[in-house]
Amino acid sequence: MLAGKVYSGRLVRPALFGGSPEWTAGVRRHPTAVVATAVVLLVCACIPYAGFPALYLAAAACGAFYAANEPLQLLLLPGKGAARLLARKIFTAWRNYFLMTAPFAVLALLAQPRSAWMAAAWAPLAALALLYFVAAKYARYDPADESPRWPLAARLGAAGFLIPPLLPLSLCLVVSYLLRAERNLSRYLYDYD
Numbered sequence: 059m060l061a062g063k064v065y066s067g068r069l070v071r072p073a074l075f076g077g078s079p080e081w082t083a084g085v086r087r088h089p090t091a092v093v094a095t096a097v098v099l100l101v102c103a104c105i106p107y108a109g110f111p112a113l114y115l116a117a118a119a120c121g122a123f124y125a126a127n128e129p130l131q132l133l134l135l136p137g138k139g140a141a142r143l144l145a146r147k148i149f150t151a152w153r154n155y156f157l158m159t160a161p162f163a164v165l166a167l168l169a170q171p172r173s174a175w176m177a178a179a180w181a182p183l184a185a186l187a188l189l190y191f192v193a194a195k196y197a198r199y200d201p202a203d204e205s206p207r208w209p210l211a212a213r214l215g216a217a218g219f220l221i222p223p224l225l226p227l228s229l230c231l232v233v234s235y236l237l238r239a240e241r242n243l244s245r246y247l248y249d250y251d
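Each number in our numbering comes from the position in the sequence shown (counting from 1) with 58 added on.
Hints are all accurate, no fakes.
If you anchor each label on the Cβ, the simulated ranges turn out as follows: (1) A202 / G76: 20 to 28 Å; (2) L210 / G76: 31 to 39 Å; (3) A179 / D200: 31 to 39 Å; (4) A217 / L237: 20 to 28 Å; (5) A94 / L237: 30 to 38 Å; (6) I105 / A202: 41 to 49 Å; (7) A179 / G76: 22 to 30 Å; (8) P171 / L237: 38 to 46 Å; (9) A119 / A177: 15 to 23 Å.
Hints were generated in silico from the structure; no laboratory data involved.
Here the structure is a predicted model, which means the values were calculated and not measured.
We put the CB at the ideal spot given by N, CA and C, even for glycine.
Hey, can you work out the whole structure from these sequences and the hints?
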């Protein structure tokens, strides 16, 4: 049944996304949404002061890639300990996002040079949002539960990247989730520590 929902095109290879199962599966499952997002980013890059907020919203939308748990075999495949695997997942998320959005950021800077100051806020906020989603996923990772429900605190933390008064909660949860994610992953990757 899942095979009918997943686009298995030859263009979307895991190597394209640094071996990330989250990004590969997300793009394969939602090719229409990816194309629609690219069109919206292209249009917003030409609208004054809309390019970088749209890029930031795209980072928050990429958090949906981290909603489902991959099988334990995929976590064991790299042969890394918990801290190194978590760092690799975070750096891969940043790499994929910034490589995919770089053309739109350059276009926004060329089309609207006065909005360059927004790039200084966009890059760290987008990186922080992706860090939150990766940490939140692995803080509650359970290979037996393929699609876990997010607790209320995690949903409020995710909302903090869209609603500024909740941002302090998101920042606190990032630290908490990073510590919990390393402890949680250590249960499954103890052979590599």
